[in-house]
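Chemist: Residue numbers (my numbering), protein chains in the order written: chain A, 1 to 321; chain B, 1 to 321.
Warning: the hint list may mix true and false statements.
[Said to hold, decoys possible] Output of the computed footprint for chain A on chain B, the stretches with three or more beta carbons under 8 Å from beta carbons of chain A:
| # | region |
| --- | --- |
| 1 | 39-47 |
| 2 | 78-91 |
| 3 | 95-108 |
| 4 | 258-271 |
These are calculated hints, taken from the structure and not from any lab test.
Since the model is a prediction, treat every value here as computed from it, not as a measurement.
Virtual Cβ for every residue (Gly too), placed ideally from N, Cα, C.
There are 2 protein chains.
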Amino acid sequence: MRGHVLALSGGVGGAKLAAGLAAILAPERLTIAVNTGDDFEHLGLTICPDIDSVTYALAGLNDTERGWGVAGETWQAMAMLRDLGEADWFNLGDRDLGTHLARSWRLRAGESLSDVTSRLTRSLGIGPAVVPMSDAPVRTQVETSEGWLDFQRYFVAEQCRPVAKAIRFDGTPGAVPSPGLAEALARPDLAAIVLCPSNPFLSVDPILAVDGVRAALESRQVPLVAVSPLVGGKSLKGPLGKLLGELGLENSNRAIVDHYRGLIDHLIIDRSDAVDAEGLRAASVSVTVTGTVMHAAEDRERLAREALSAARIELEGHDAR
Amino acid sequence: MRGHVLALSGGVGGAKLAAGLAAILAPERLTIAVNTGDDFEHLGLTICPDIDSVTYALAGLNDTERGWGVAGETWQAMAMLRDLGEADWFNLGDRDLGTHLARSWRLRAGESLSDVTSRLTRSLGIGPAVVPMSDAPVRTQVETSEGWLDFQRYFVAEQCRPVAKAIRFDGTPGAVPSPGLAEALARPDLAAIVLCPSNPFLSVDPILAVDGVRAALESRQVPLVAVSPLVGGKSLKGPLGKLLGELGLENSNRAIVDHYRGLIDHLIIDRSDAVDAEGLRAASVSVTVTGTVMHAAEDRERLAREALSAARIELEGHDAR
């Protein structure tokens, strides 16, 4: 069928699939709702790492070598901040800083995160709607042997070294979906939901924790296809493999499916995890085994096609640009 | 005599003499009080151009080719801001942005401009006290044929093209001197005051407009030596020559002395304006004729020595570093 596609995404990995979807769907057919649990305030700036990853990937500005941030980035402001004795644990690129500045001052002037995100993505020529999961601040916290840590403190400053015991999303319940996410969930022409290959615990769970989102997905009338973030039992980036162990779960797609029980109809897994497939089918989830590592645009678009195909979404000539 | 020296400075030209004074005086003998009338809020940042010019000059970070800002500057954040559709009339260098960010977030966290300035200058290894004229916001406004313009709008966006009719300093009266300026003015060992070669109307008048500063200078017990910002009847940078004409004043040091009547004891003028000297002496101001253009560190230090000599300040071995 045709109709609208809602993608739920975290940062880098999710952003790649989101860019693949954006490359093959007409812009008006796609809404990308992005995790904001990683957002934080730093040096007076509101930094939204996952929105920025998605934005840079869709605008073709992302650094594909380093795997995060903007291509052609420089670090001059950071060097000055260091000379001035300011905190340097979070790397702020100069180009990236332009984004943080534009966002922060507009938020402070009273614009919602949705308004700002729409403005910034449109300025960069991005067609699909990129929306935050919520305009209310949600802040992921990780309980570790060192106590509760702000997500970026855990993720960047501590490089995920402390053992994680629990995760919570400050601000939920009570954070309502952004207008764009609410609208996409309620669209009569909604035809599929795609869970991008993002960390289930740190990137997707915050979206599910937004008021009504989990219930909306549970009562969906359309296919929900997830792309597993595991490749060979680990994530390509980030702490998913380590986290699964710390949370007492096995390093396999069975843990992913168990975590998303009742939420997903189909899981796309990587060839290196093909051994997981049979067990998943036994758990009433249909499975595609394919290559899920996205090195180049072709990989992103092929995987996006496979996800839409699994969701029985038709592409027409003017979609597949 | 020995004792403490208070320098009053605006931006680029003043900053050079301030750096000269800093190079020859023991750090504890010098306070540099800086104009903040040029300060403004931009993209959520509090930008203090004159404090930054003085800071960069004293730290040896200033760009001597371009004549303003930081050496080795890049403009990546600015390019991103432009791509995002944000205002680009004020050039924000990447290294400079580090300073604006550090200052802005600390101000927002409740630190005074004095505290922030002290912290930033100490971090850069600057010995003398660099203090804002006031911790209260003072904002220079220029009345032009286009109405009252914020200073940076007049100076940067309009490049001083509109004809100036009047100048006012919003926030005065009512802005008290910063603790550092008040303390320097009240020091029993205050031995001289130096007016750096800054625009009298736009850079020094705001300092004089701070509550009690003009009165303190008028009742001073110590020599006040000014270095004229005119070279050949014009300023090296900025709109002083144009402004003198628009305000109905002559393009000579006579206008400077008339403007500072009762405030200065001695004026240092450039050789190219030597013809002005006799008239100034007739106005009861003693005069030094010398080279006032400061290309290199030697020029700054020589001119600083001449200013201190005119103020009968002694330098000892450990001063002249």
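Chemist: Hint by hint, say whether it matches the structure.
Modeler: Status of each hint after checking the structure:
no. : hint    : result
1   : 39-47   : holds (count 3)
2   : 78-91   : holds (count 8)
3   : 95-108  : holds (count 10)
4   : 258-271 : violated (count 0)
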